[in-house]
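Fit chain Z to the supplied structure of chain G, relying on the hints for placement.
Now for the letters of each chain:
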Amino acid sequence: MTRISVMVDGVSYVDDVEPRTLLVHYLRERLGKTGTVVGCDTSNCGACTVHLDGRSVKSCSVFAVQVDGSEITTIEGLIRDGNLHPMQQAFHDNHALQCGYCTPGMIMQAIDLLGDDPNPDEQTVREGLEGNLCRCTGYQNIVRAVLDAAEKMKPAVRAQQPSTVAGGGN
Amino acid sequence: MTATQPVTGELGKARRRKEDARLITGRTRWTDNITLPGMLHMAVVRSPLAHAKITAINTDAARELPGVLGVFTATDLGADSISLPCAWQITPDMKSPKAPPLAVDTVHFAGEGVAVVVARDAASAADAVSAVEVDYDELPPVLDMEAALADGATLVHPDLGTNRNALWVFDSAEAGSGGDVEQAIRDAEVVVKRRFHQQRLIPAFMEPRSVVVDPTGEQLTMWSATQVPHILKTMASLTLGVPEHKVRVIAPDVGGGFGGKLQVTPEETVTLLVARRMGKPVKWTETRSESLLAAHHGRDQIQDLTVAARRDGTVTGLKVELLADMGAYLRLVTPGIPILGAFMFNSIYKFPAYRFACTNVFTTKTPTDAYRGAGRPEATFAIERMMDELAVELGMEPLELRQRNWITHEEFPFATVAGLTYDSGNYEAATAKAKELFDYGGLRAEQRRRREAGDPVQLGIGISTYTEMCGLAPSRVLGALSYGAGGWEHASIRMLATGTVEVVTGVSPHGQGHETAWSQIIADKLGVPFEDVEVLHGDTQLSPKGMDTYGSRSLAVGGIAAVRAADKVIEKARKVAAHMLECSEADLEFAQGKFTIKGTDRGKTIQEVAFTTFAAHDLPEGMEPSLDSEATFDPENFSFPHGTHLCAAEVDTETGWVTITRYVCVDDVGTVVNPLIVEGQIQGGLAQGIAQALFEEATYDEGGTLTTGTLADYLVPSAADLPHFTTDRTETPATTNPLGVKGVGEAGTIASTPAVVNAVLDAVRHLGVTDIDMPCSPQRVWRAVQSARGAAKSTSDHTTEAAAGGGLGSIDAQGGAR
Numbered sequence: 001m002t003r004i005s006v007m008v009d010g011v012s013y014v015d016d017v018e019p020r021t022l023l024v025h026y027l028r029e030r031l032g033k034t035g036t037v038v039g040c041d042t043s044n045c046g047a048c049t050v051h052l053d054g055r056s057v058k059s060c061s062v063f064a065v066q067v068d069g070s071e072i073t074t075i076e077g078l079i080r081d082g083n084l085h086p087m088q089q090a091f092h093d094n095h096a097l098q099c100g101y102c103t104p105g106m107i108m109q110a111i112d113l114l115g116d117d118p119n120p121d122e123q124t125v126r127e128g129l130e131g132n133l134c135r136c137t138g139y140q141n142i143v144r145a146v147l148d149a150a151e152k153m154k155p156a157v158r159a160q161q162p163s164t165v166a167g168g169g170n
Numbered sequence: 001m002t003a004t005q006p007v008t009g010e011l012g013k014a015r016r017r018k019e020d021a022r023l024i025t026g027r028t029r030w031t032d033n034i035t036l037p038g039m040l041h042m043a044v045v046r047s048p049l050a051h052a053k054i055t056a057i058n059t060d061a062a063r064e065l066p067g068v069l070g071v072f073t074a075t076d077l078g079a080d081s082i083s084l085p086c087a088w089q090i091t092p093d094m095k096s097p098k099a100p101p102l103a104v105d106t107v108h109f110a111g112e113g114v115a116v117v118v119a120r121d122a123a124s125a126a127d128a129v130s131a132v133e134v135d136y137d138e139l140p141p142v143l144d145m146e147a148a149l150a151d152g153a154t155l156v157h158p159d160l161g162t163n164r165n166a167l168w169v170f171d172s173a174e175a176g177s178g179g180d181v182e183q184a185i186r187d188a189e190v191v192v193k194r195r196f197h198q199q200r201l202i203p204a205f206m207e208p209r210s211v212v213v214d215p216t217g218e219q220l221t222m223w224s225a226t227q228v229p230h231i232l233k234t235m236a237s238l239t240l241g242v243p244e245h246k247v248r249v250i251a252p253d254v255g256g257g258f259g260g261k262l263q264v265t266p267e268e269t270v271t272l273l274v275a276r277r278m279g280k281p282v283k284w285t286e287t288r289s290e291s292l293l294a295a296h297h298g299r300d301q302i303q304d305l306t307v308a309a310r311r312d313g314t315v316t317g318l319k320v321e322l323l324a325d326m327g328a329y330l331r332l333v334t335p336g337i338p339i340l341g342a343f344m345f346n347s348i349y350k351f352p353a354y355r356f357a358c359t360n361v362f363t364t365k366t367p368t369d370a371y372r373g374a375g376r377p378e379a380t381f382a383i384e385r386m387m388d389e390l391a392v393e394l395g396m397e398p399l400e401l402r403q404r405n406w407i408t409h410e411e412f413p414f415a416t417v418a419g420l421t422y423d424s425g426n427y428e429a430a431t432a433k434a435k436e437l438f439d440y441g442g443l444r445a446e447q448r449r450r451r452e453a454g455d456p457v458q459l460g461i462g463i464s465t466y467t468e469m470c471g472l473a474p475s476r477v478l479g480a481l482s483y484g485a486g487g488w489e490h491a492s493i494r495m496l497a498t499g500t501v502e503v504v505t506g507v508s509p510h511g512q513g514h515e516t517a518w519s520q521i522i523a524d525k526l527g528v529p530f531e532d533v534e535v536l537h538g539d540t541q542l543s544p545k546g547m548d549t550y551g552s553r554s555l556a557v558g559g560i561a562a563v564r565a566a567d568k569v570i571e572k573a574r575k576v577a578a579h580m581l582e583c584s585e586a587d588l589e590f591a592q593g594k595f596t597i598k599g600t601d602r603g604k605t606i607q608e609v610a611f612t613t614f615a616a617h618d619l620p621e622g623m624e625p626s627l628d629s630e631a632t633f634d635p636e637n638f639s640f641p642h643g644t645h646l647c648a649a650e651v652d653t654e655t656g657w658v659t660i661t662r663y664v665c666v667d668d669v670g671t672v673v674n675p676l677i678v679e680g681q682i683q684g685g686l687a688q689g690i691a692q693a694l695f696e697e698a699t700y701d702e703g704g705t706l707t708t709g710t711l712a713d714y715l716v717p718s719a720a721d722l723p724h725f726t727t728d729r730t731e732t733p734a735t736t737n738p739l740g741v742k743g744v745g746e747a748g749t750i751a752s753t754p755a756v757v758n759a760v761l762d763a764v765r766h767l768g769v770t771d772i773d774m775p776c777s778p779q780r781v782w783r784a785v786q787s788a789r790g791a792a793k794s795t796s797d798h799t800t801e802a803a804a805g806g807g808l809g810s811i812d813a814q815g816g817a818r
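Protein sequences, first through last, are from chains G and Z.
First residue of the first sequence: 1, per the numbering used here; consecutive thereafter.
First residue of the second sequence: 1, per the numbering used here; consecutive thereafter.
Each hint should be verified, as a subset may be incorrect.
What the hints assert, rightly or not - The list that follows gives simulated cross-link-like pairs (lysine-lysine, DSSO-like), each with its CA atoms no further than 30 Å apart:
no.	chain 1	residue 1	chain 2	residue 2
1	Z	280	Z	98
2	Z	193	Z	435
3	Z	13	G	152
4	G	152	Z	18
5	Z	193	Z	350
6	G	154	Z	18
7	Z	594	Z	18
8	Z	350	Z	433
9	Z	604	Z	572
As the list claims (entries may be wrong) - Computed far set for chain Z versus chain G, every beta-carbon distance over 10 Å:
no.	residue
10	12
11	218
12	586
Don't read these hints as lab results, they were simulated from the structure.
Bear in mind the structure is a predicted one, so any value in this text is a computation, not a measurement.
Even glycine gets a Cβ: it sits at the ideal position worked out from N, Cα and C.
Isolated chain Z, as found in the complex:
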């Protein structure tokens, strides 16, 4: 029996992570570490062209190389009749192209797989890839969304008859959640219209994707560096016709995902087909270049916003028109990503009228799909940029403008114009705390000094007061949005004979620290020591049900499922304890892991109850000899973290260099299970959001070739590129789940991008700069300042926007690695 010291107060404790022990010593289980007897290695032949007819594939030379066991095209594998799944039919008339896992007769983006090579070792497979000769007839690439929608445009998929994937509209007047935005615009005292570009990003998880498929057992086993083993299992069955009960999917240690591994990939599918064909285990591991080129990208929108307002700053309407780049194919949730933003453009503000219309467009680029925040960062960026633009237009203090329009803490629950109900929040408290930590007044004074002195290094202050929707998702909402599945989550708890506990969760961590956080939650619920809880996940054989990890859902949905399962364990244990103590259940109270007869010191610990149940010699009449319990939790609502981010940025007007000198964020993610993990999630999120603002962009040349196909060109920031962050929290519990938690995985990324860009613009706006496209590279910032100065000389009343420039270190605006 385990020692039974009482346990209380695990929730909120800054526990060091259980996961670390193996990760800091190299005892890791990445998919690429797996080696099985007789295992073969697969490599993919990829198209160098964005759009082309395949006229011939000559595999003879490759087949003759030593160690090569096979070269396969789509037709060879029967993959030409397979279409990769898209789970989100956003409109009834949405156009869905066929999406074979290898190109059949036409390639639609540079990097698309054309054939695969199987060899005895990875090096031989790589050699053979270069020996496969593919002949192409080039077709014109389709790269620009507006041009793609024009009459006579080259069609990415001619059989669809259009490059328009779908038009998805939400209108508050039609939905009954608000007024008519066109009327609001007609009646407005002030109307501000802006266009923003959400550049294309790449998730760039550190662990390249890898798959191993072993077809030799009764169940076909697939190990994959995936966020979604359960979805992958079901989709493999639906897509490939393998009976679901004959597939086991394992996500072992997974090295980051950020939405990038929320996918059913062509390579997973082909590895499975090849393994079955060869009758041997097969491994595929991508190179970083393949990952940047062919794993799905994120963002990539053109955003047209119109805000209507009164002169006093009260907003009266918001119209959003988006073009969203799908890339060449629809992957798992591609078309729904921009639609998730529909509910967030109105953000924390009381817009009385709202319309959102998103046109999804096919191009000959890498498919897009979820990337950290998925639709919500795009929305938050646009509305927070707009609030600053409106403040400039009205000559108002930008924070005061926000305050005038945000939902006050007395107004919750608040039914929004986009049709959601925000359960709780306190924007005033988070903002007050952030202002104080930031020294808002002091920095504004410093900014004035520098402006008056004409300092070459100007100071800007950027604000982002955001909310987001987390905890994807209530199944009824997903149903209303025509998503292909529900949003519940599953957990089960096994009370072992010796009193230790196994928690099985359906979420699938890849860096989040669920093993630690779930241990805290269950230790707290059951009153067992933190060390006595083992959290099991990521293998469909031991965790049979789950919807996996994305959308800041794990704690707010999966954690609650674990809580519910623990409640059931306690109720079962109560019956046994009452029987052991010869009292009625009503006389027992449960605290700190012990059932005690009220008013006495007589009691039984949950460990004693567990052993008695295991022995089963003397149980209550009709009781099964088990305390084990499971629960499936379907949330009634999303959760709505919020916060205030303040960024101070210096802009060197002579070089365009941006330096973040102070970054303060106060986030309200509800109740916190582990503050260390929460802080880590915020900090990592900030890094990715700041990277969008300043560094990262996936760019294509005029032929449709990705020019940022290495980490030398795609600028994931290093430690030297990022500032120190001051993070703090307010805590307004969610009212829609028993823990009061909201989710924290995406907050930092969602909030930080507009804070940084607003700061950069605030630093140079008085020079006449009105906009700078992201990333705000030195070149773009310098050009913006230069052209504003030039414009100021020629026409004193005219301001200017920065032309699209390059990324860090670029020289030529047109060239190469921008």
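Just chain G, with the same shape it has in the complex:
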């Protein structure tokens, strides 16, 4: 067992973990952060995507011991003062989810994507989400949602919105 100290969704945890424990299992099984899910065992599907120190990672590809001293944000930590993150809101507004299983990972990856390129075109969004699989939507509304969120997260637009809403990956 190795002791780790980690901040997850704004809360500090100190835990002893097995060296082989994956971050996603630590989040789900130890912390009860079941909003983050497992969709595969080969890091192809992206359903487990979270933010590690502000960048998206597939939490099935990170050991819990590797996040010692780090800050993790999951889908459960995006709401600020009762307000949805603009990306969550955009997924709802654009019907970008059906069963919703890929959605947490998809939203976390989409936020990261806008951190890299706050003003992407459709193709950039499609390529930026390539590591996240969805079986329900055909992606069209996901792409639409990300473009919508990008528009709403632009500084000029954001200035008119409550400043307490978290920005994306920036």
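Only chain Z this time, still in chain G's reference frame:
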């Protein structure tokens, strides 16, 4: 009391979904999220071999590992005497092998469970799986359907004496619905014969399957990632002998199904047996690799079609001969899946003679069963490919050929050669709209330019004018097909004291948005606010009756049950309102949630009536103090969505790469409750149909091992692999239900596959390519073009088919992850 603003026009409104709030914030209730006190974890030891005798299972090492509480074989659990249910005896002489939930002495497919391990945590269970030693004597695998039917073939189940599961035949001359197809073929001016391969697919829902069984209560409770909690409950009782009233099944949040979770699985059964044995809650959650390997697959047919026609393009007969791969066992509806196609090969065309004969075959592969469309995509693919082949043979414009043969809108209701009655449709309108959105003429001109210029990137246009049968199903039809149950659906409505409403539905959503759509329907019927309706489902304790969700049935059957229940609520409320207003019931009209005395402004809202009924101080003589009502709806007919899909695809003849440059579909799914949800269903369906055309295939090596057992090998497309879709609708209401709805869950998948393949072939046909097997991977397309060019050089009059090649990214046609 709730505020009572009038509500109208909920139907057709693009409501954002109620379901989203929890799904976008991670407040989800997937089965694998469930943790119960004292819960144990189960993992399955699976056979790496396709066909083998089990000679020994040594569990000693596994039992000694820390945290392991038990290792069980079929015999240990008494599972050797259990056979998993198949609800569809398609012919009286159908051969049914015993299907124990764990292999007893022989394994019949790679991935079949051999033993299970129970441990304190999932990691310990996984460790123990690798410590179980199983010795096998290998037997020859049975992989090829035609070889499996040959004399002297290795038998998958020797006790059956054959690998033939059943032969199911429909003949229009015998049924009286049409002529004799052999005569039509003899008399034909043109006969076109083709063979198509429907490759094996994997549903690949995003949420891996998971089961939790708690045996500690009075009722045994099973949570499962299933589409069919009600069927599962009944089948658990019939299969395991647990009294039905002692079982409660809950489908909590379920992450997609696409037919893949329309099943009573070995793992559900074994989890239940183990939980009872241990006296503790037990959870099993599969890995993705297990899911791809052992959850049921779909499609997998060899299709031989013969079309007879006149020179002017009028079709005169259609003969369909299928071989359908059952895999190693019959699961819940395995043998009936290809039979659902029997009614759809004739599609929208007026074939005067038709024969369908399907031979179901056992192999040592993963069992097949429902996958989105289930029999109908296979049929639609084959007939739409054939219409293009016939057009080529006759030198006709493929869309004109279709138009010459389709049922015109004046001809409905239309009795088809397959024995169904299509109630409504307008193929002309959908096609006209699609052509316009697509710029059909412009793209044909562009195609000509590229052909004449010898452009290395050629353009193809693919057409698919389809119909499908939805709303499974009229119980009398299911009875005639020897299905083991009916096709009705149930709903009940509870009018709460404060005027809000609970709708209980027997369908079981797993991504479809029923909570939103049913809220719209009931808000519209009862005139209550959308927000005041709560839709409850997926728990047999609160939703006691249901047939669950599959076959695009939920709205067309389950939604209508809810409408009928609402009608009964209104009739009960009318009595109370008349009593409150001291008028006769006949004097009341009900609109926008209010009973009003005709010609006056005096009235009572349904919320006021609900509270008066709750108080029950002063009700009409003999009236029970309740407005609650239930209804069970059995449809009189299927519904028949249709549409026209047009695909433009560029084919790089130097690399074989296919790029869809434009995709237009105009679907007619009847009346629309929520256009946002309908569009989403179409788009998602398109993705799966396009994936069959271009990307996905479950392949086995010569030893019978699945070589596409991860999402790195089984190519579920990503956002970068798919085009933008232009979707639109025409709206011809179904005449067989009061909402005029038809169902939309499968349309996109059914229609899109042939549109894409027709486009790919249309791009390279002038080079001499006549067919390319699905998926049309770059390798297969490139090989087809190369061999056509080679053939054109050696024998100028001979064209060629593409050899089976690999999937995206494959290098060696024989190898590994094809």
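Results of checking the hints against the structure:
no., hint, in the structure
1, Z:280 / Z:98, "holds (29 Å)"
2, Z:193 / Z:435, "holds (29 Å)"
3, Z:13 / G:152, "holds (24 Å)"
4, G:152 / Z:18, "holds (22 Å)"
5, Z:193 / Z:350, "holds (19 Å)"
6, G:154 / Z:18, "holds (28 Å)"
7, Z:594 / Z:18, "holds (25 Å)"
8, Z:350 / Z:433, "holds (22 Å)"
9, Z:604 / Z:572, "holds (14 Å)"
10, 12, "holds (15 Å)"
11, 218, "holds (28 Å)"
12, 586, "holds (44 Å)"
Violated hints: none; the structure is consistent with every hint.
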